[in-house]
Amino acid sequence: MTATIKLGQLAEFLGATLRGDPEKAITGLATLQEAGPAQLSFLANPQYRKYLVDSRAAALLLKADDAEGFAGDALIVPDPYLAYARISHLFDPKPKSAAGIHPSAVIAADAIVDPTASIGPFVVIESAARIGAGVTLGAHCFVGARSEIGEGGWLAPRVTLYHDVRIGKRVVIQSGAVLGGEGFGFANEKGVWQKIAQIGGVTVGDDVEIGVNTAIDRGALADTVIGNGVKLDNQIQIAHNVQVGDHTAMAACVGISGSTKIGRHCMLAGGVGLVGHIEICDNVFLTGMTMVTHSITEPGSYSSGTAMQPAAEWRKSAARIRQLDDMARRLRQLEKRVGDVTPGGNASSDG
Amino acid sequence: MTATIKLGQLAEFLGATLRGDPEKAITGLATLQEAGPAQLSFLANPQYRKYLVDSRAAALLLKADDAEGFAGDALIVPDPYLAYARISHLFDPKPKSAAGIHPSAVIAADAIVDPTASIGPFVVIESAARIGAGVTLGAHCFVGARSEIGEGGWLAPRVTLYHDVRIGKRVVIQSGAVLGGEGFGFANEKGVWQKIAQIGGVTVGDDVEIGVNTAIDRGALADTVIGNGVKLDNQIQIAHNVQVGDHTAMAACVGISGSTKIGRHCMLAGGVGLVGHIEICDNVFLTGMTMVTHSITEPGSYSSGTAMQPAAEWRKSAARIRQLDDMARRLRQLEKRVGDVTPGGNASSDG
Amino acid sequence: MTATIKLGQLAEFLGATLRGDPEKAITGLATLQEAGPAQLSFLANPQYRKYLVDSRAAALLLKADDAEGFAGDALIVPDPYLAYARISHLFDPKPKSAAGIHPSAVIAADAIVDPTASIGPFVVIESAARIGAGVTLGAHCFVGARSEIGEGGWLAPRVTLYHDVRIGKRVVIQSGAVLGGEGFGFANEKGVWQKIAQIGGVTVGDDVEIGVNTAIDRGALADTVIGNGVKLDNQIQIAHNVQVGDHTAMAACVGISGSTKIGRHCMLAGGVGLVGHIEICDNVFLTGMTMVTHSITEPGSYSSGTAMQPAAEWRKSAARIRQLDDMARRLRQLEKRVGDVTPGGNASSDG
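Protein chains in written order, with numbering that gives the first Met the number 0: chain E, 0 to 350; chain H, 0 to 350; chain X, 0 to 350.
Bound conformation, chain E alone (with noise of 0.2 Å):
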């Protein structure tokens, strides 16, 4: 499970400059502070150009500005981060799964299955679905009817795809995630929930990610959409008839609902919470546990609710900003009457 690595395959892998031993043994990856004498590690953050001196790492990836004031050896990339993200897959100890299908794996007869897809134990694929090739599905599996997975996804055990999912290539879903699940559709009869059919189903683009137990809801008439290259975070909700635009990425916890369309290249930071059938633009940072309430239509970062406190203060400024209208109007009131006592007060704007 653990890989060794010279540092000069390392180097020409990346593309690198080399400024040490070509021969060197690398057997895995650690922080700077962590790193012993057979790790790499890197310099990103500035931050951390402290622990340069002290690291115990065989090697490093620096920039070249870094790497001048680092005596070890080091492999000089423009981007130690990137080339840190691109190396990282040849350490990963993640286990490989082998082609072919598990005699315990239910399949319909007409779902077709690549030869080269690992479909694991207790997997079951239902009529029509089709499986790419070198697709893996982890066990426990559900793949529902005319469901489709593109080529080279990678399912952990206990994903389910309902029926009429189409997931695009390279997909990555983690364990738990749920994609096709009716959305929360009902009409009001009289003060009585009455359910309506969720027909439409999920498209899902290439590259994406989808992290553990997140939940997807197929469309109410046209499919819930999830562009290229999207990362979805773990325990996040989207709702019937979202549209993600491409290369958006959001952190955990997040909650879209239904029908709201986000741009491409937004980031959602954890607990940000969208009202439906509102539009967020392209280019849009929410910060953390921010509540959006209507569209967004200038790029650029948002946030919303108040700043931690000790809990005695915070229940006082909880009690202020229930009076804040009226502080507001006392505060008019007495520029009114302070402009009337000082001949020479200006107005101030009432915002």
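Among the hints, a few may not be true.
Identical chains share a label here; the pair holds if one copy fits it or two copies do between them.
[Unchecked claim] Here are the simulated lysine to any residue pairs, SDA-like style, with alpha carbons at most 20 Å apart:
id, residue 1, residue 2
1, Lys315, Ile100
2, Lys5, Tyr50
3, Lys23, Asp281
4, Lys194, Gly275
5, Lys93, Arg169
6, Lys5, Thr30
7, Lys168, Lys315
Quick caveat, the hints were computed from the structure, so don't treat them as lab data.
Assemble the complex: chain E is given as a structure, and chains H and X must be docked to it using the hints.
The following block gives chains H and X in isolation, referenced to the frame of chain E:
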């Protein structure tokens, strides 16, 4: 997978007034803007009235008023959205499972499974459980000891019911939901948490829907109780001993803490959180991400949180909120002093 | 499924002072208000003292002080809630699984399963995994390569451990939990996210409890670490490289971002969110839905958010918060001007 139904048949099914060709074949449903010439659409939201003129739909579900201004075929009904809800099921491509038990299922000898039920691959049903008439258990479902599912229930693949979970009739449970998990019950003994066995169960009424990856914990002593007609969206957390009144609906990512009691016909928008041991009366609407820290005794709408701002402005607001108590005191002080120097000053209310 | 235990036996088990009939048969536990004549109850919260007089319980767990004012049978103990916690397990109807491996389980030839462990239907155990003495693995559990579960562990049906997840002794994991998922690690290359392999694992201490559908990601380089005695409720997200100190408890729906370190004996209420790369010291209490954006270095209680209001009032408050910076400047200006016209004016603090 695609149904074809004549327009006249749909009129009959709905009790609608048909205006147009009863023999026209309808193959599906779509929005006004997307419907093609074999698809039915509907106008429910007046905002979309502008799309009527260009709709290519085969026919529309319309109110009588709207039908007057529309030239094409129509099914005239009092509530088009409700009519759409009713006929949506006719076009639902969701596979129907045949009655019978998949040979891979593991079923305790003393469990009772109605012969009309459909039990999928790798299902586990434990001792003394009861599965009612017409129930569907998707692949990988687990039904614990003595648990019961009433007639007409539909459980997606991979639903877990622990022991002593009693489910009413026609209940729908989406994939990944877990009912009867052991609630968060611990007694603190000198800083160390001692587990309290959760010996109650879960009772779920009729016509309930439970969303993807939603958790409903078992009661500590008595049951956790979900009323009739309750609709729970995805990723919801219902803690031990909670009671939810009939026909209450909760959108995704809501969290209800232990022993809290929620009334009938309430609506909780996404991301709402409730502390434990409080009561919410009937007909309460909580807007998204509201933090509920005390009981609510009056019907109506309630909210908390701050409005989203560009991040730079938000940082200023957040800093000012921490100064609010100081600001309020200074405002009061100014009022007193201005009252002193301005003879006609009338005291303003100190909220 | 219902235990019957004599009152005298319970007194002996608890080391309690018995007042009443040692032969009285106890068949279960219930609250003061609901207990019937064969059930034991307890008084822990003084608020419930009013229910003592009408309780129909067979006997009560009471402090000596409370026992003086109560006429019925009693078990007198120093901490009734803790005593209730201890005896609750005697009345727990949770089925016990017999030792042995279900014939449907798929177990790698080089995995080591203690003969006293109970392995349920459709369990998958991969290469070089180790299952300790007395461990229960519920149906559909998945244990990845080289993962280990210490003695006495209890995993509900459908728990997923990826590879290289090391679990201590007596750990309880509820259904749907996923340990070792691939954390949210990506490097941005010209707007496109490149995946970083997550080569660390997860280490979980002894006596930990992990709730329904909770996710704990594997470390990027080193392990994600959960200390001894930690209790995690449902729907929690623990990102990669997080460290949680011993005996810390988190209620449902908490989200901890990557590389954050949480101290010992902390309590996080429901829905709390923490940004990444911060440190929380020991003995911190975070109230529900608090947004934590920086480290905490002093023990104590902390909060954020605004108090719930009727929605119409809340809209005014929310609008005013956006004007706060302007209000604060206007207030300062007024103070200066009033200071000018009132000779005795002393400058107030500008917070």
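The hints, checked one at a time:
1. With identical chains, the CA atoms of Lys315 and Ile100 are never at most 20 Å apart, being 63 Å at best within one copy and 59 Å at best between copies.
2. Proximity of Lys5 to Tyr50 under the C-alpha cut-off of 20 Å is found in neither arrangement, the shortest distances being 24 Å within a copy and 65 Å between copies.
3. Taking identical chains as interchangeable, the C-alpha atoms of Lys23 and Asp281 are never at most 20 Å apart, the minima being 45 Å within one chain and 43 Å between chains.
4. Taking the shortest Cα distances, Lys194 and Gly275 sit within 20 Å of each other inside one copy (19 Å), while across copies they are farther apart (30 Å).
5. Taking CA atoms no more than 20 Å apart as the test, Lys93 paired with Arg169 passes inside one copy only; the shortest distance there is 16 Å, against 27 Å between copies.
6. In the homo-oligomer, the alpha carbons of Lys5 and Thr30 lie at most 20 Å apart inside one protomer (19 Å), although the nearest pairing across protomers, at 59 Å, exceeds that limit.
7. With identical chains, the CA atoms of Lys168 and Lys315 are never at most 20 Å apart, being 54 Å at best within one copy and 45 Å at best between copies.
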